[in-house]
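*Asks:* Construct all of the structure, not just a fragment, from the sequences and the given hints.
Residues per chain are reported as follows:
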Amino acid sequence: MPAEPNNNLLDAEAVSRGENLGILARSIVEGYRVGEHRSPFHGFAIEFAQHREYTIGDDTRHLDWKVLGRTDRYYIKQYEQDTNMTAHFLLDGSESMNYGSGKASKLHYAKALSACLAYLVLLQRDAVAVSVFDTETRERVPRTDNLGKIHHIMNRLAAFEATQRTSLRTAMADLAKQVKARGMVMLFSDIFDDEEGFMRGLRQLRFMGHEVVVFHVLDHYELEFPLTGRVEFIGLEGNPTLELNPADIRKSYLREMNEMRARARRACEQAQCHYVLTDTAAPLAETISGYLVARQSNPMTGEGQK
Amino acid sequence: MTFLAPLMLLALTAVGLPVLIHLFSKPRLKRIRWAATKFLLASIEKNKRRMKVEDLLLLLARCLLVALLVLIFARPALLVKSAGLLLSRDNISAALVLDYSMSMGQSDGAKTRFEQAKATALDILGKLGGGSSCALWLAGDKTRSVIAKPTQDFALLRRMLDHATVSDFGSDLYPALKGAVESLKGTEGRKEIFILTDNQAAAWKQLGNIRKLQDEHQREIQFRYFVIGDRGEDNVAVTALQVVGTAAVNQPVRCVVTVSNHGRSAVEKLPVKISVDDEPPQDETVIDRLEPGASRNVSLFARVRHAGYHAISASIAGDRLPADNQRATALLVLEQLRALVVDGTVSANPAERDGFFLRNALAPVAPGQAGQYYLKVAAGKPGDLDGQDLRQYDLVFLANVPELSPSAMQNISRYVNEGGNLVVFAGSASKADFYNDEENLGALLPAKLGAVQKPEPPLAWQSRDYAHPVVTLWNDPESGTLGSVKFYQYYPLTLRDGALTVLKYSNNEIAVAERAAGRGKVFLFGSPAMTDWNNFPVNPAFVPLTLRIVAYAAGRSARGLNLSPGQTFAFEVETEYAGKDVAVARGGAEKRRIVGRVEQGGRAAWIRYQNTELAGAYAVYVGDDQLPKVVFAVQGDAVESDLRQEPAEDIAALLHPPEPESRDVSVSDPEEQAPGVELWFYVAVAALALAVTESGLKHYFSRAR
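First to last, the protein sequences are chains U and R. Under the numbering used here, the letters of the first sequence match residues 1 to 306, in that order. Under the numbering used here, the letters of the second sequence match residues 307 to 1011, in that order.
In case anyone wonders, no lab produced these hints; they're calculated from the structure. Worth double-checking, as some hints may not be accurate.
[Said to hold, decoys possible] Below, computed lysine to aspartate or glutamate pairings styled on DMTMM-like, alpha-carbon distance capped at 25 Å:
| hint | chain 1 | residue 1 | chain 2 | residue 2 |
| --- | --- | --- | --- | --- |
| 1 | R | LYS344 | U | ASP72 |
| 2 | R | LYS344 | U | GLU243 |
| 3 | U | LYS180 | U | GLU259 |
| 4 | R | LYS1004 | U | GLU243 |
| 5 | R | LYS358 | U | GLU256 |
| 6 | R | LYS352 | U | GLU269 |
| 7 | R | LYS344 | U | GLU259 |
| 8 | R | LYS1004 | U | GLU232 |
| 9 | R | LYS518 | R | GLU494 |
| 10 | R | LYS352 | U | ASP58 |
| 11 | R | LYS579 | R | GLU784 |
[To be verified] Here are some, though not all, of the chain U residues that point toward chain R, as calculated from beta-carbon distances under 7 Å:
| hint | residue |
| --- | --- |
| 12 | HIS51 |
| 13 | TYR54 |
| 14 | GLU196 |
| 15 | VAL231 |
| 16 | ILE234 |
| 17 | GLY235 |
| 18 | LEU236 |
| 19 | LEU242 |
| 20 | ALA247 |
| 21 | ILE249 |
| 22 | SER252 |
| 23 | MET257 |
| 24 | GLU259 |
[Said to hold, decoys possible] Simulated DEER-style distance windows between Cβ atoms:
| hint | chain 1 | residue 1 | chain 2 | residue 2 | range |
| --- | --- | --- | --- | --- | --- |
| 25 | R | ASP361 | U | PHE207 | 34 to 40 Å |
| 26 | R | ILE350 | U | GLU161 | 28 to 34 Å |
| 27 | U | LYS251 | R | LEU335 | 21 to 27 Å |
| 28 | U | ARG266 | R | ILE350 | 34 to 40 Å |
| 29 | R | ASP361 | U | ARG165 | 45 to 51 Å |
| 30 | U | ARG165 | R | LEU335 | 24 to 30 Å |
| 31 | U | ALA159 | R | ILE350 | 35 to 41 Å |
| 32 | U | GLY229 | R | ARG355 | 20 to 26 Å |
| 33 | R | ASP361 | U | ASN155 | 50 to 56 Å |
| 34 | U | ARG263 | R | ARG355 | 24 to 30 Å |
| 35 | U | ARG156 | R | ASP361 | 48 to 54 Å |
| 36 | U | ALA159 | R | LEU335 | 16 to 22 Å |
From a predicted model like this one, the values you see are computed outputs, not experimental measurements. Here a beta-carbon is modelled for each residue, glycine too, at the ideal position from N, C-alpha and C.
*Replies:* Here it is as structure tokens:
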């Protein structure tokens, strides 16, 4: 039974403390797992190598039933790699991620979202690696499949504060260079950086055989632009300060924003990546469950997501 | 176009306010740290021009709105010809004040000033808005409230204006202005009083009160003056008509006619005529030349054939103000008068008797003609006063009488109280103590006798500034002088209560005094009518002065016959006339018309008549009598004949000397352009429309784009 949509835990104070972030991730993920028997990530990125004879204690899930049917002998499938798949969490920690119209900023939301997914992956006995970047990779948690390390991951995530500009191109290129084994890459970003660099990074990761999921994290105000009255917009990441009446340009702004979203989605589709639009106003559990349900229905494209 | 409150235009500087507010105001800003700035920049770049145009349009609309608001308070008005009126289509509570004094009868050859004023008044009525109301007042020294309270019945107003006529009243704007102000109390909307006057100096005789009235009401009422007629037009007038002496049947009556030239050029060969009861003129003279601003007295004689009440009229050639080209006076013509002269001392020689000169002065005709003379004179001794019925005499003279017996004193007192006239000459034989004693004649006499004075050199009577009616004749130098009468001895007089000074000595002591006692009159001379103390009996003034005393005393019953315009005529008649119809005919032109009935009032009956607006002689008839019971005359104010006007442009300064730009007083010339329809309403509508447009634009511009 899916967890109740609840964002109570998702506030700036909670996310800034790793312990709370862990509790948040566990409560959301456990809520999601009730009644589930199969991991959505199970068996993924595991390559068959050879058979060996069954011995007591082996997991019967790995019996080759076809061989048993033909020869009446018990053989276990052996894989090229024993470990589970590795999910790389690539988190945009640039200054633009600091914006939030509500209690939580986009960065807070992204931290919470990545924490939940990391917890989920570790529960599946798969491995996770976490990187936080701006112009370069600022924080890196090496690959681990130890669920006990989750608190370490949470603390590292929580401690990070965004101050710099973004360079998606660099961060994605660095990841592509460092990770040789195929795995899963989850990118959390508002993609306000150079779009060309973002597309290039996507192509690069795909070329390396990674499954890429892009969580396009945007604030509700950035999506709807419902501001009224005279507003002074203090630009982030070196952008100028503007004073204007938002109503004067609302339609034009929304057009620009939607075009950017469409470009990002199109780029993902072209590179056969998952594109998940993430509105920070939506409850975290709803966002996760929405993505996972869509993923089950169409594991490659995540169709069903916004 | 003009502005009725032009000073408000200074506020147009406020048009810059929206610009200043735009430049310097710091609106309450919401500050947001914004990530998606690049989309804002792109949107701004695309909408920059449109946003500038919209901002400019809004700024212009707001500046224009401020300008229109200022214009509303500056009260723009269209200039219109011949109106000279400050009117608008909104509702006004107004009062029309028309000067209807005699001078308004002056004609410019086509229309009188009053007709011009009525035309202007109709013009004003035509320009008042539909919901306006108006009162109508006629201004003179007698005010008439034709429509006392503002009415919206303009048909009635026009009809009453049409029926209004000029009067022979004097000018005085204050009473009507006060009435008009009162009439506007309690009315709604803007209040204005329109004053139409020929602006004679006399109209401002209560200038102080007018100033006060306007100052008190300057906030709620606007006073607007319209000067009618040209300034200082020529006018020659009969400004006075005085009958000298006693009017008796078939005796020539001397009439002194005063003619004045108020014009700017001399008048030559001006005929002056006198007539009785609208009969053909009996006497005529010609004034050869009358200089501008000069007055001339001419004496003309009239003779009346029947006793009773008559009117004597003096007239000159016509000019553009007919009302003052003639003047009438009413008088009582007597059949005969009887006088008793009591000598104080007895002498064998009549010429040495104390009353000798008096008897000759009272009947200044040859002995053979004394029987035909209207004044019958009898001689008497103090003892004759004891039991004689004095009521047969119109006057009793006491000439140097030492004292009187108690019965004589009682007889004299009763005689005076019942209407008899007593003239006392105190001389060497007169006992001052007796005359001063209240128990004796003191109660009747107008003054006390002082100690006998013997001035060296001799004293004379005053030579000018005569105030008493008996001696005003000598104010005219052509009538001679009383200053040539010399006194070697005299009693200085001290006035009693209610007494009047008739004459003074040159040292300012009182020489002759007069007093009303009961229904009669008493004169006291401080010197005898003999030559032992003075030269009065042989002075040329002796006869006329004596006869004027007779005329004054005997003419008592003619008092009240000469009125000023508007004064109520009241005349006592026998009670048998009570209840009978009273008919009046003015002059010779009007037919007699019944105006009321004889009123019963106590033990007497009275004829009363109030409609005396016009000057001239009025004949009053009772019942079916063919002859008038009484004749009276109405005489206009001579000042009205001076048609010179105060400069119109000086009215504001006249009313508010320290504030030449007083906004509540305006003087309008009907021929000039003047503010007509006020435009503030239209400007207000435009401002409202602009405000709505601005609001709509703001809303339209601020919609999401």
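*Asks:* Going back to the hint list, which numbers does this structure go against?
*Replies:* Per hint list: 1, 3, 6, 10, 12, 13, 14, 24, 25, 28, 29 and 36 violated.
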